[in-house]
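J.: Single-letter residue listing:
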Amino acid sequence: MKKYFSFFRMRFTLGLQYRVAALAGIATQFAWGFMEVMIFAAFYRGDKNAFPMSFSATCSYIWLEQAFLAFFATWMMDNEIFDSILKGNIAYELCRPIDIYNIWFSKSVAVRLSRAVLRCFPILIVAAFLPAPYGLAKPESCLHFCLFILTLVLGLLVTAAFCMLIYILTFYTISPQGLRILFTSAADFFSGGVIPLPFFPEPLQNVIELLPFASMQNVSLRIYSGSMGPDKMEKAILLQLFWLVTLIFTGKILCRRAEKKITVQGG
Amino acid sequence: MKKIISDIKLYKHYISINLRCMMQYKTSFFLSAMGQFLTSFNVFLGIFFLFQRFSKVEGFTYSQVLLCFSILLLEFSLAETFARGFDTFSEMVRQGEFDRILVRPRGEIIQVLGSNFELTRIGRMLQALVMFFYGILNSGIDWDLMKILTVFCMILGGTSLFAGLFILQAGLCFFTLEGLEIMNIFTDGAREFGKYPMAVYGRNMLFFTTFFIPYSLVQYYPLLYLLGRRASPVYTILPLAAMWFLLPSLALWKLGVRRYTSSGS
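Here the protein sequences come in this chain order: A and V.
According to the working numbering, the first sequence holds residues -8 to 258 in order.
According to the working numbering, the second sequence holds residues 34 to 298 in order.
Okay, chain A solo, but in the shape it has when bound (with noise of 0.2 Å):
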């Protein structure tokens, strides 16, 4: 346990130096939040009553999705990961008494969680400090921060859990582009990246609260503001803790599997 944590301390310092890309995501991000607002702000202005979360509540969602960006973003990933499968640096970490699907998990959360330290501060101030409906609002309740708090997190390691999985199948179909593309797509729609969920059709809605991708961002970000009923979240959060266990357990039988017959690329 105690090398897995050194690994992620590492990695998380590492990922602390890169200030200056910190400063363009902050604008990129700032930029992004102004304008979805708007959007739903005119959508708001044309049929408030079609509206299936308080204008205030989309437009907390939407700026703690920004914040949050480098937590939940399934197509960032570590290239650092794809390249040693590829051009088989992964014979050295194979000869080390660690497990890889550890090494790899605590490496990007790690990265993930860096990243978000140096971005969401600067994102949340500023957004607490806009005019009423369309900046952050405060939290439901004390219990909705707690839950939010947890919530995020168990959403942080779900993201990592899937984008294990991708890193792992690469192992299999060796390029990795064609899987890439497909997961990461469909991770971003049906997380509620494009659009909140509540704002998709109800019968397609109570589907898609089953899949995986529901327990990234969707639960904890919508938590926040008070937008889903108590027993909603309890069920959420139960969802979101299956969620984890299935896709950490799915990835390390079939990176055990893999290490078994695996080639390694390159010389």
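Hints are supplied without guarantee of correctness; some may be wrong.
Said to hold, decoys possible - To give an idea of the chain V side of the interface with chain A (calculated C-beta under 8 Å), a few residues:
no. : residue
1   : 78
2   : 83
3   : 143
4   : 144
Rather than coming from a laboratory, the hints here were simulated on the basis of the structure.
Since this is a predicted model, take the numbers as computed values, not measurements.
Every residue gets a Cβ at the ideal spot worked out from N, C-alpha and C, and that includes glycine.
Model the placement of chain V on the given structure of chain A, informed by the hints.
T.: Below, chain V without anything else, positioned relative to chain A:
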């Protein structure tokens, strides 16, 4: 004149090299094209599902929004296909590749243009075309010659505008030596948010996108003309006015080339 003809010949040759090179990796080409398709397909699905719930946004219906989005997407993809060399220019400067261009007895612009012909964007163009035809059939537009001409002007003006942005981005690389990620707001951001007519984003944004970076000239105003909400024939050629953006971009590029000092090995 002779020089222009020989430049066109050279450019054709560049394209043919690029295409042959790409076709050596057919699977990779196909997957990239599919990726391009899927990312903008997500944007389309977002619009589709929002309009299941809402009937109009700022007075525009679903098919009108699709028409607007498709034309902008087509312009962007065309610009990216042809001017991708400028989009990835930071790599060229950083690796000192640009030195090789300077020592050849041909213009720099034609060589950078020819360095990359990104046919994978065809995935996006296909989607744009499908939405375009859907939009045309369902927007209730009375087509006449002027309106068809307007669409062509929109595509020409918009492609030039995006190409101008890529050239501006490349020109800035001479001064910063690395790619400016912030420029993505104006290129990828415009592709992403140009899906709705600019008026959706409020008056200030409309002002900014009319006079500073003229997205509205190729998107919002001609769209109003197409939908019959404006009558003046000026709107037909208005999109061409967006081409002025090429001037400062090219000027900055020229300035950059003049004070370029190599960074590569």
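J.: Looking back at the numbered hints, which does the structure fail to meet, lowest number first?
T.: Structure breaks hints 3, 4.
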